Amino acid sequence: MNKLTYLLLLAVVCLCANLGAVDRSIWVNEDFSGTFPPQGWTISANAANWSAFTGASAGGTAPEARFSWEPQFNGSSYLISPTYDTTGETTVYLDFDHFVDWYANPFTIGVATRSAGGAWTVAFSQNPTANVGPMRKSVAITNADVGSDTFQFALYFSGNSYNIDYWYIDNVKLYTPFPNDLAILSVAGAEHVEAGVPIVPSCGIKNVGTESLTAVVSLDIYQHETMVQSYPDYFTQLLAMNATATVSFPSFNPEVLNDLYRFVFTIHSLEDVVDEDLSNNSMTKNMNTWTGAKQNVLLEIGTGGWCPYCPGAAMAADHFVEEGYNVAVIENHNGDPYATDTSNGRNSYYGISGFPTGVFDGLLDYVGGSNTVSLFPAYQPLYNQRVDVKTPVSIELFGTNSGLVYTVEAKINKLANLAYENLVFHLAITQSHIAYSWQGQTEFNFVNMMMVPDRFGTTVDLMNAPIGLLSVPLTFTVGSGWNLANCEFVAFVQNLDTKEVLQAYKVMVNDLPIGPVANEDALSPLLSNSLHSNYPNPFNPETTIRYSVKGDAPVAIEIYNIKGQLVKTLVNGVQAAGDHSVVWNGTDMNNKSVGNGVYYFKMNSGKYSRTRKMILMK
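Oh and the sequence shown: position 187 is 187 in my numbering, straight run, nothing missing.
Everything labelled a hint here was simulated from the structure, so no lab data went into it.
Predicted model only: the values in this text are computed from it and were never measured.
Hints are all accurate, no fakes.
Simulated pairs of lysine to aspartate or glutamate, EDC-like, Cα-Cα distance not exceeding 20 Å: (1) Lys563 x Asp318; (2) Lys173 x Asp275; (3) Lys285 x Asp233; (4) Lys414 x Asp259.
Just need the whole structure built from these sequences, with the hints factored in.
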């Protein structure tokens, strides 16, 4: 054998050995993006409580695994891995992202192992007394099961399932450590920060390898796409195996309103070695300084006429609307004459299996109900968590119809930079006051009659769009048997990666404005008095109210608050025939600013009287 052939053969042998080592070091890295349970995985007892969930509550990316409290049981349930050959090992590590949505004490979550299908040995357990995470959990396993060629692990729940809402799990990784492997485990800080208020960027690091290494941590800060601050090799510390540290950088002031700041943390070793897992050497955190206010919180309710506990959810929805809360409601029916592929699809999208389930802005849910008592006290805290969340978008709808055919233009106003790649625009049409005898009730409200173009919505690339308006044109036909006077358009922008609803807008079908600059009377002769929609709506600090007068006549335009009290008179006198407008600047009769909320503007002229709703959002 000549020297060149020997060297080539040696290189191939080394390469194969290295490839084998890498494969052997990571037995599983499960992100739950395929079938559920994943191939080779099983569930022991109460399998109906486990499912795939198209969210990212655990801190990873959608989809993820979810353990649900229902069907309720008192006992244990295990999500069990396939068998793995761990021959020759004495220690293996199991990492996973998770979030425990706690409800009451007591219950236990944990990790257990076994070999040869024998008894389970607990490797990690926790008895939560509050929400846990979202966080990354790392479990070192050193028990007698390690070293077996039939090693298995399980993520388990034990106790009364009623005491937990959900346990979300993602990115389950079983591995033996690389010799040289430094990692950034977490980044501190809220997603929303106030412009002009300094923050301290920080991250958590760990030596997840077997060899001691000197960690060197850097930070680059971007305002949208422009780097505004850099701290190369700012932090240095020697870390033994499994040692951790928190790295804090100098205070940073995000000065610009309605912008996006990106914090990129990186780690490497001072020693002249190659990090053998580059996937954990960096972590990015986006923080925004948005100021956009919520037009409405979206409340979707999984319900059905057959459900004895669903009246409580219906009462809560009615209460929100009747009391003037900024809530847009869609009730997605199941198992009754108003269930459709669309409503069933929305329920499946949220993984709803217990009725009623109320979902606020796609993120916060409440499962359970009552036959006789409103769920408003249970729903209100979830609404309160969402109503003050800042947003980078606002929505308005304009359109016309010819009989049952509607042409609607959604105007999505991008107010600020954002980093969401997977957004959709949804338009739903709901109908209320549908006579129906069910569970002691006499009608259905906010029934999801259709979504346009379908329940999957319209993709909108707001991340790459410029600041300003983006238009979504839609043409569709409504049902011939619908009572359009009781129908409402509900429009919303949703992040498919997290299910978060960024913004929601609603307007009654018969109140749909033609457009912000359209002259309705240029389209046809002026036939009657008319009070048109205000623009903009919601508004801050002022809005324009348009109205038409058939002939010279006394006209009064008045503003009322939600209690029916007169706030201000804008017009009170004879008006000439034609189109008119008046501006309300959000002040009362004493020219003092009024508070946020729902207001009504009313037009009286002879026998004509019309009232419309508007929202002041400062």
